[in-house]
Amino acid sequence: MIKVIFLGTGTSQGVPVIGCVCKVCTSMDKKDQRLRCAILVSVGTTNIVIDVGPDFRQQLLRAKITTLDAILLTHEHNDHIIGMDDVRPLNFSQKKHMPVYASQRVQADLKKRFSYIFEAEPYPGAPRVELHSIQASDNFEVEGIPIVPIEVLHGDLPVLGFRFNNFTYITDAKTISDTELAKVQGTEILVLNALHHTPHHTHLNLEEALALIEKIQPKKAYLTHISHRMGLDKEVAEMLPANVFLAYDGLALEIKC
1 MIKVIFLGTG
11 TSQGVPVIGC
21 VCKVCTSMDK
31 KDQRLRCAIL
41 VSVGTTNIVI
51 DVGPDFRQQL
61 LRAKITTLDA
71 ILLTHEHNDH
81 IIGMDDVRPL
91 NFSQKKHMPV
101 YASQRVQADL
111 KKRFSYIFEA
121 EPYPGAPRVE
131 LHSIQASDNF
141 EVEGIPIVPI
151 EVLHGDLPVL
161 GFRFNNFTYI
171 TDAKTISDTE
181 LAKVQGTEIL
191 VLNALHHTPH
201 HTHLNLEEAL
211 ALIEKIQPKK
221 AYLTHISHRM
231 GLDKEVAEML
241 PANVFLAYDG
251 LALEIKC
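Mind the numbering: the sequence shown is residues 1 to 257 in the working numbering, read in order.
Keep in mind that the hints are not guaranteed to be accurate.
[To be verified] No farther apart than 30 Å at their CA atoms in a straight line, the calculated lysine-lysine pairs in the DSS-like style are these: (1) Lys174 x Lys3; (2) Lys30 x Lys234; (3) Lys220 x Lys234; (4) Lys183 x Lys219; (5) Lys219 x Lys3; (6) Lys30 x Lys3; (7) Lys220 x Lys256; (8) Lys31 x Lys174; (9) Lys64 x Lys3; (10) Lys215 x Lys174; (11) Lys31 x Lys64; (12) Lys3 x Lys215; (13) Lys183 x Lys3; (14) Lys234 x Lys215; (15) Lys30 x Lys220; (16) Lys64 x Lys220; (17) Lys234 x Lys64; (18) Lys111 x Lys95; (19) Lys220 x Lys3; (20) Lys112 x Lys174.
Source of the hints: derived by calculation from the structure; they are not laboratory data. No experiment lies behind these values; they were computed from the predicted model shown.
Start from the sequences, fold in the hints, and give me the full structure.
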């Protein structure tokens with residue numbers, strides 16, 4: 001059994017957006033309030049978080065996550081990595097370095113932004129991480145759990161999605177090659193980004209996401225990385241095919257392997 005919790009389903013600005021008074025940003029519906037995009041995948045007692053954005057601390061507290069076995073990073077944009085400092089309490093409580101799985105390019109960016117973590121003699125109390133290199137061409141394991149990396153393009157930037165058995169998570173995609181799409185085929189539960197309704201140069205919009213879902217044919221698909229410009233959750237839900245749903249913060253799924 002794979003358990004999934006959506007820790008955040010919003011864009012880089014989150015929803016509500018600072019200073020915005022649109023109907024979504026002022027909505028009292030909890031489904032319209034979105035932290036930055038992240039997800040928890042649990043298999044047995046193993047907890048894996050995909051991406052650690054600026055809301056990472058708040059997300060773990062809200063979901064009552066007390067242990068974490070690994071972090072997977074999709075790419076190096078701020079809304080996906082800048083919460084890395086908040087692994088410190090987990091270092092202290094678990095008494096070990098935090099395994100972080102990322103491409104070489106993303107690792108290089110981490111070492112620039114968080115140079116204090118990677119100094120030869122980091123100061124006492126600095127986060128402790130253990131970097132593991134991954135790439136789209138090679139499957140890997142975390143605590144014995146097999147994971148298939150899937151490369152998508154975020155504009156021109158390669159981003160990694162991840163497949164866990166019958167569950168696939170892809171965010172910040174605009175295009176995907178036929179070779180990488182083949183890795184997704186047969187997945188039963190698909191999570192895919194859909195920014196809003198109009199075309200965007202680095203993200204799928206709703207129409208493009210639905211077309212890709214139709215091509216992949218999962219049993220169910222959940223949309224994430226959602227902008228306030230998408231519209232109210234209850235209104236957008238009525239536009240979607242029967243097997244497609246807007247994800248929302250706190251949504252929990254159980255998926256049979």
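Each hint, compared with the structure:
Pair hint lysine 174 plus lysine 3 holds up; C-alpha atoms about 27 Å apart against a cutoff of 30 Å. Under the criterion of a C-alpha separation no larger than 30 Å, the hint pairing lysine 30 with lysine 234 is consistent with the structure, at around 11 Å. Restraint check: the Cα-Cα separation between lysine 220 and lysine 234 comes to about 18 Å, which is no more than 30 Å; the hinted pair holds. Between lysine 183 and lysine 219, the direct Cα distance comes to roughly 16 Å. Compliance with the 30 Å bound is thereby established for this hinted pair.
Proximity of lysine 219 to lysine 3 is assessed by CA-CA distance (about 17 Å); at most 30 Å being required, the pair is judged to hold. Between the alpha carbons of lysine 30 and lysine 3 the distance comes to roughly 22 Å, so the proposed pair stays at or under 30 Å and holds. For the hint linking lysine 220 to lysine 256, the alpha-carbon distance of about 13 Å falls within 30 Å, and the restraint holds. About 24 Å separates the Cα atoms of lysine 31 and lysine 174, which keeps this hinted pair within 30 Å; it holds.
Between lysine 64 and lysine 3 the CA atoms are separated by roughly 14 Å; this keeps the pair inside 30 Å, and the hint holds. The straight-line distance between the Cα atoms of lysine 215 and lysine 174 is roughly 15 Å, inside the 30 Å bound, and the hint therefore holds. At roughly 19 Å between alpha-carbon atoms, lysine 31 and lysine 64 fall within 30 Å of each other, so this suggested pair holds. Restraint check for lysine 3 and lysine 215: the C-alpha separation of about 25 Å stays at or below 30 Å, so the hint holds.
Pair hint lysine 183 plus lysine 3 holds up; C-alpha atoms about 21 Å apart against a cutoff of 30 Å. Only pairs whose Cα atoms come within 30 Å are accepted, and lysine 234 paired with lysine 215 is accepted, the gap being roughly 25 Å. Of the supplied pair hints, the one linking lysine 30 and lysine 220 holds, its CA atoms being roughly 22 Å apart against a limit of 30 Å. A hinted pair counts as satisfied when its Cα atoms are at most 30 Å apart, and lysine 64 with lysine 220 qualifies at roughly 26 Å.
A threshold of 30 Å between alpha carbons decides the hint, and for lysine 234 with lysine 64 the separation of about 27 Å falls inside it, so the pair holds. Our distance criterion of 30 Å between C-alpha atoms is met by lysine 111 and lysine 95, whose separation comes to about 22 Å. Proposed proximity of lysine 220 and lysine 3 is supported: the alpha carbons are some 15 Å apart, at most 30 Å. Among the hinted pairs, lysine 112 with lysine 174 is consistent with the structure: their alpha-carbon atoms are about 27 Å apart, no more than 30 Å.
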